[in-house]
Amino acid sequence: MAGKIIADQIQSTTAGTLDTKYVVTGSVKVRANTNNTGTTINESFNVSSLTDVTTGQQDLYFTNNMSTTTWSGSIDLRSVSDDNSFLDPISTSRADGYSYNGSAYHDNHMLWMIIGDLA
Amino acid sequence: MSEMIVNKLTGKTSAGDIDVVSEGGAATMQLQQGLCKAWVNLDGTPGTVLVRDSFNTASITDGGTGQYFLNFSSIMRNDDYAGHNYHTATGSSSMGAFNNAWGGGHSESTTQFGHSSYNGTFVDSDFVFLTVHGDLA
Numbered sequence: 015m016a017g018k019i020i021a022d023q024i025q026s027t028t029a030g031t032l033d034t035k036y037v038v039t040g041s042v043k044v045r046a047n048t049n050n051t052g053t054t055i056n057e058s059f060n061v062s063s064l065t066d067v068t069t070g071q072q073d074l075y076f077t078n079n080m081s082t083t084t085w086s087g088s089i090d091l092r093s094v095s096d097d098n099s100f101l102d103p104i105s106t107s108r109a110d111g112y113s114y115n116g117s118a119y120h121d122n123h124m125l126w127m128i129i130g131d132l133a
Numbered sequence: 064m065s066e067m068i069v070n071k072l073t074g075k076t077s078a079g080d081i082d083v084v085s086e087g088g089a090a091t092m093q094l095q096q097g098l099c100k101a102w103v104n105l106d107g108t109p110g111t112v113l114v115r116d117s118f119n120t121a122s123i124t125d126g127g128t129g130q131y132f133l134n135f136s137s138i139m140r141n142d143d144y145a146g147h148n149y150h151t152a153t154g155s156s157s158m159g160a161f162n163n164a165w166g167g168g169h170s171e172s173t174t175q176f177g178h179s180s181y182n183g184t185f186v187d188s189d190f191v192f193l194t195v196h197g198d199l200a
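Protein sequences, first through last, are from chains A and B.
Going by my numbering, 31 is the number at position 17 of the first sequence; the sequence numbering is gapless.
Going by my numbering, 121 is the number at position 58 of the second sequence; the sequence numbering is gapless.
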């Protein structure tokens with residue numbers, strides 16, 4: 015059986031003390047590197063599936079839902095200068111990737127990061 | 064209030080897997096997966112490229128106007144990590160209509176990033192913020 019420790023703080027002799035709430039609340043809850051053409055997930059955490067909606071637009075579905083729709087996140091495209099947008103229900107995230115000139119853009123690496131409270 | 068004083072956390076069943084209970088208590092998540100693996104705050108002013116603060120960053124290399132290479136201290140497991148970067152307008156702290164870019168120089172040990180204006184021209188910036196999430200080697 016795995017061990018279980020219940021603690022409010024952790025302390026390192028070199029890096030200081032941290033309340034464990036920062037570990038839980040401050041950790042990224044979803045991250046992914048997806049191929050923006052199709053539904054290939056290059057690497058991910060807490061992701062159940064990916065849907066290709068249209069050019070530059072994908073829906074990323076969470077394995078464990080967020081507790082609210084007010085989470086924070088960021089997406090980037092790897093290969094071009096970009097300007098991106100999010101939708102944010104608790105169970106999925108829709109991201110739109112745009113090139114710097116405002117046109118929808120498919121990229122082989124769309125980079126996702128979502129932080130907030132899990133349910 | 065309880066307090067743990069330790070220098071290293073290691074999973075019991077699997078060394079690289081420590082679970083934490085979610086905020087709402089409905090799920091558990093793997094601690095290692097959610098941690099930021101590298102971050103940097105740097106001054107990208109031409110001729111300067113000064114690292115103000117960082118984590119897991121061995122060095123920053125100037126890749127030309129508005130372009131930088133971050134060299135990891137501890138390398139990533141592969142080049143499929145997810146990174147994000149933002150920056151201020153050139154030479155000031157004002158808001159600017161600029162974009163973020165990632166270059167082709169991605170590997171387990173180095174990641175390339177940069178910034179351009181809306182016409183696609185790379186520009187230097189005095190405040191550059193970068194985070195990297197993924198698996199460490």
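FYI, nobody ran anything at the bench for these hints, they're computed from the structure.
Take the hints with a grain of salt, since some may be wrong.
Stated by the list, open to error - Computed list of lysine-lysine pairs in DSSO-like fashion (alpha-carbon distance at most 27 Å, straight line): (1) A/Lys18 x A/Lys35; (2) B/Lys71 x A/Lys35; (3) B/Lys75 x A/Lys35; (4) B/Lys75 x A/Lys18; (5) B/Lys71 x A/Lys18.
Now the hints, each set against the structure:
1. A/Lys18 x A/Lys35: 16 Å, holds
2. B/Lys71 x A/Lys35: The given pair, whose Cα atoms are some 18 Å apart, holds under the 27 Å limit.
3. B/Lys75 x A/Lys35: 22 Å, holds
4. B/Lys75 x A/Lys18: Holds, because 10 Å separates the two Cα atoms, which is no more than 27 Å.
5. B/Lys71 x A/Lys18: Holds - the C-alpha atoms of A/Lys18 and B/Lys71 are around 16 Å apart, at most 27 Å.
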